[in-house]
Amino acid sequence: MNIFLLADFSVIKPDPGLIFWTSIIFIVLWTVLGRMAFKPIQNALKKRDNDIQEALDEAKNAREEMSNVQAENQKLLAEAREERARMLKEAKETKDQIVKEAKDQAREEAKKIVTNAQQEIESQRKVAMTELKKEVGAMAIDIAEKVLRKQLAGDKEQEQFVNTLVDDIKLN
Amino acid sequence: MKVSSRFSSYLFVVVLALLSGPVFAQHDDHGHGHDHDHDSHEQSHATEAGEHGGCGDHTEDGEYDPVSTVMNHIADANEFHIWKGVHIPLPVFLYAPEHGWTTGTSSMFHHGESAVDRYVLNHGRANRIADDNFPMGEVHLDGILHQVETTTDAKGKTKETDVYYACAKGELWKLDKPSTLDGGILGGGITSFYDFSITKNVFTMILASLLLIFIWGAVAKGYKKNEGKAPSGIQSFFEPFFTFIRDEVTKPMIGPRYERFQPFIMTLFFFILFCNLLGLVPFFPGGANVTGNLAVTLVLAVLAFIITNIHGNGHYWEHVVWMPGVPTFVKPILTIVEVLGLFIKPFSLMIRLFANISAGHIIILSLIGLIFLFGENGNSVGGAATGAFIGGLFTAFMNLIELLVAFLQAFIFAILTASYIGAAVEEHEHNDHEHAH
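Line by line, the protein sequences give chains A and B. The first sequence begins at 1 in the numbering used here and counts up by one. The second sequence begins at 1001 in the numbering used here and counts up by one.
These aren't lab readings, by the way, just hints derived from the structure by calculation. Hints are not guaranteed to be accurate.
Residues from chain A shown here face chain B by an in silico Cβ test under 7 Å; the list is partial [to be verified]:
1. 11
2. 13
3. 32
When the alpha-carbon atoms are kept at most 25 Å apart in a straight line, the in silico PhoX-like pairs for lysine-lysine are as follows [stated by the list, open to error]:
4. 39/A x 1225/B
5. 1229/B x 46/A
6. 47/A x 60/A
7. 1174/B x 1157/B
What you are looking at is a predicted structure, and each value in this text was computed from that prediction instead of being measured. C-beta: ideal position from N, C-alpha, C; glycine also.
This is chain A alone, in the form it adopts within the complex:
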């Protein structure tokens, strides 16, 4: 079967010259392209891939952090609101208490003042009474003296009268 031979199908016959040149050219091309282009490109692409991945990761982290911060802010806000409410409530309570205390105190004070006043009045009344008694006594003595100056001519009558007076005084 020699159909190839008739028309000289030369491409199927490996020519040593062509083998030689193909080997040289391909190996040189492989070395040159590998050194000059493919390895640097591979590294550059790898670096870029890593950079992109890092950037994405960073963005993700930042987003997470942001949401964390936001959540924290929300929490803080809620806490502040609660705190404010609590403080308001406390203030109100304090106010109420103060008012109540003040009222109590005022009542107490008033009561005390009233008591004092009553006591004062009582003592004043007692003093006044005493004064009055003294005055009345003095007046009585005066009157008595004057009466006596007239009536008490005798000793007997005098003595009797004095005893009566003394008894009266004791009774008082």
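Since the structure of chain A is provided, determine the placement of chain B on it from the hints.
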């Protein structure tokens, strides 16, 4: 994705094989055609030889022979044929063991009209007159004669060979083709000289390499310039190719150790792609059938074989030499299969690329050849016009298919090489898993 793309690529190979079928059949017919009128050739040769010089009517100027034309077009050549009479010369480095080196450019042969130091340009290819009686230096040739000779070997089989003669000084001088390394199996063999010239194919490979170095150099510069920035210009155009090969070929095929092999697979892919594409350009500096030449695919396949096997780990060799997990009596059979497989894999790479690209070139050249067949050697202008119309349409269609094939075959070569490397460097854990399939 991976499976489907591989399947579709195989489908494509099958389709191409079917498409190329008729061409080879046609080829065959023409072969038989030669067969029939061969006797008369032999006789005429005998008389011519007897009369010393019937070189005036050398067969090339005779009837249009589509098969020879196609074969000459896909063959390597020592010069670029632009159109009739216009050639771009290429450097020649010829080595004959008896006479050492002969160098120069192919223009010194005057397109087959002169012999220089017994070297002759026959259909653009350097041939040698292996006859010590032929004078050295520049000798004018009267022409080149093509003969088909039949020899009968010991087993009684007849063998036909193309023989070319140079006509000079009224005598016929047998021409030797350059040596080839097929050991005579494919009709070649070691002859009296070796051709280490910068041929059309070598020139195209150098051109493709320079283009690649220029392009990828610019791309690599982009990465330096735009470090930390978005890619721009040519860098953005070629980055997807790089990442495609990385993400669709090397990473899934080779696994975690893909980075070491990325430059090799990339070079393989782009070298094949650019050679394929340059081969589709119908005018200078394209048109060379580089990846459709077995010598080129042979080198690529051998490199793939070497890279695969020098990186093979113990586990890989264990599977090749003494397959674990199968009954002992099966092991020797599997060893034979696996060892054969080591060579069949790169062999299939070599044949697949070669056959696809050659078939494509043959189909396109055959379609163009319709113009001359329908035109009956210029006797029928209408026929030529019909041929040009039909052939032109089909050629346009085939060129689009070939464009696809150019990418596809480069991709297949790259992905299969990556998968062979992947099998050789695969880690143990993964392998157990895969063997469950």
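Taking the hints in turn, this is what the structure says about them:
Satisfaction of the interface hint for residue 11/A is found here, the shortest Cβ-Cβ separation to chain B being roughly 5 Å, below the 7 Å cut-off. Satisfaction of the interface hint for residue 13/A is found here, the shortest Cβ-Cβ separation to chain B being roughly 4 Å, below the 7 Å cut-off. For residue 32/A, the interface hint holds, since its Cβ comes within 7 Å of a Cβ in chain B; the closest pair sits about 6 Å apart. Restraint check for residue 39/A and residue 1225/B: the C-alpha separation of about 16 Å stays at or below 25 Å, so the hint holds.
In summary, the hint linking residue 1229/B to residue 46/A is supported, as the alpha carbons are separated by about 14 Å, within the 25 Å threshold. Taking the CA atoms of residue 47/A and residue 60/A, the gap is near 20 Å; set against the 25 Å cutoff, the hint holds. For the proposed pair residue 1174/B and residue 1157/B, the alpha carbon gap of about 24 Å is at most 25 Å, so the pair holds.
Of the numbered hints stated above, none is contradicted by the structure.
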